[in-house]
Amino acid sequence: NAGVTQTPKFQVLKTGQSMTLQCAQDMNHEYMSWYRQDPGMGLRLIHYSVGAGITDQGEVPNGYNVSRSTTEDFPLRLLSAAPSQTSVYFCASSTGVNEQFFGPGTRLTVL
Amino acid sequence: AQRVTQPEKLLSVFKGAPVELKCNYSYSGSPELFWYVQYSRQRLQLLLRHISRESIKGFTADLNKGETSFHLKKPFAQEEDSAMYYCALSGHRSGAGSYQLTFGKGTKLSVIP
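Here the protein sequences line up with chains H and S, keeping their order.
The first sequence begins at 1139 in the working numbering and counts up one residue at a time.
The second sequence begins at 91 in the working numbering and counts up one residue at a time.
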């Protein structure tokens, strides 16, 4: 099993550009989440999904969209990138209240 | 609302000294508490969870409901313990009826040789 994979590992965007961060898991987990990690802020939940076709907002959803068309994939879309979205993004999956498995992260810089 | 507080941003200890990373939480129901660890430039991984009452890499943590704490302890710190440690709470999030993790801001542990 590959676990949770994320692409790309690094990305540099200009303000106003859009892009999609990819996340996939091969563990058949129902729950998937996106977090951003910023110094001194810990991890903050952006969006999450409890199954295919079901998504909901987390703590900091503004400027991001998600969709969950399959159990395996949970892409995160930045609609119009802003410097405030410079961060490290982690995707995670779980079977509910159990351990969350994290991806390796995507380091995004918005100029 | 659920909240996790880790009062120390940075904790430095000498090798062989005891370690205690503090975590306090606020939650109205029965929480599940976790400690996650992130070694330099690696992904987060679960260190331990209160429900399993395990000792992982010499670390233990006891849930104290009276003090709403879940402090992480190790009797003798090792250099390889240097990492970022996050306390997390799993509680019910209204709306979608799902359980999501709320993280503390993290404590960076530095073990001095």
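If you're looking for bench data, these hints aren't it; they were derived computationally from the structure.
Positions of the beta carbon are idealized from the N, C-alpha and C atoms, including for glycine.
Fair warning: there could be bad hints in the mix.
From the structure, some residues in chain H lie toward chain S, with a derived Cβ separation under 8 Å [claimed, not checked]:
1. 1213
2. 1217
3. 1237
4. 1241
Hints, verified against the model:
1. Taking 8 Å as the C-beta cut-off, the interface hint given for residue 1213 of chain H is violated, the closest approach to chain S being about 18 Å.
2. With 8 Å as the threshold, the beta carbon of residue 1217 of chain H stays out of range of chain S, its nearest partner Cβ sitting at about 22 Å, so the hint is violated.
3. Annotation: interface hint on residue 1237 of chain H holds; nearest CB of chain S at approximately 5 Å, less than 8 Å.
4. Proximity of residue 1241 of chain H to chain S holds as hinted, the smallest CB-CB distance being about 6 Å (cut-off 8 Å).
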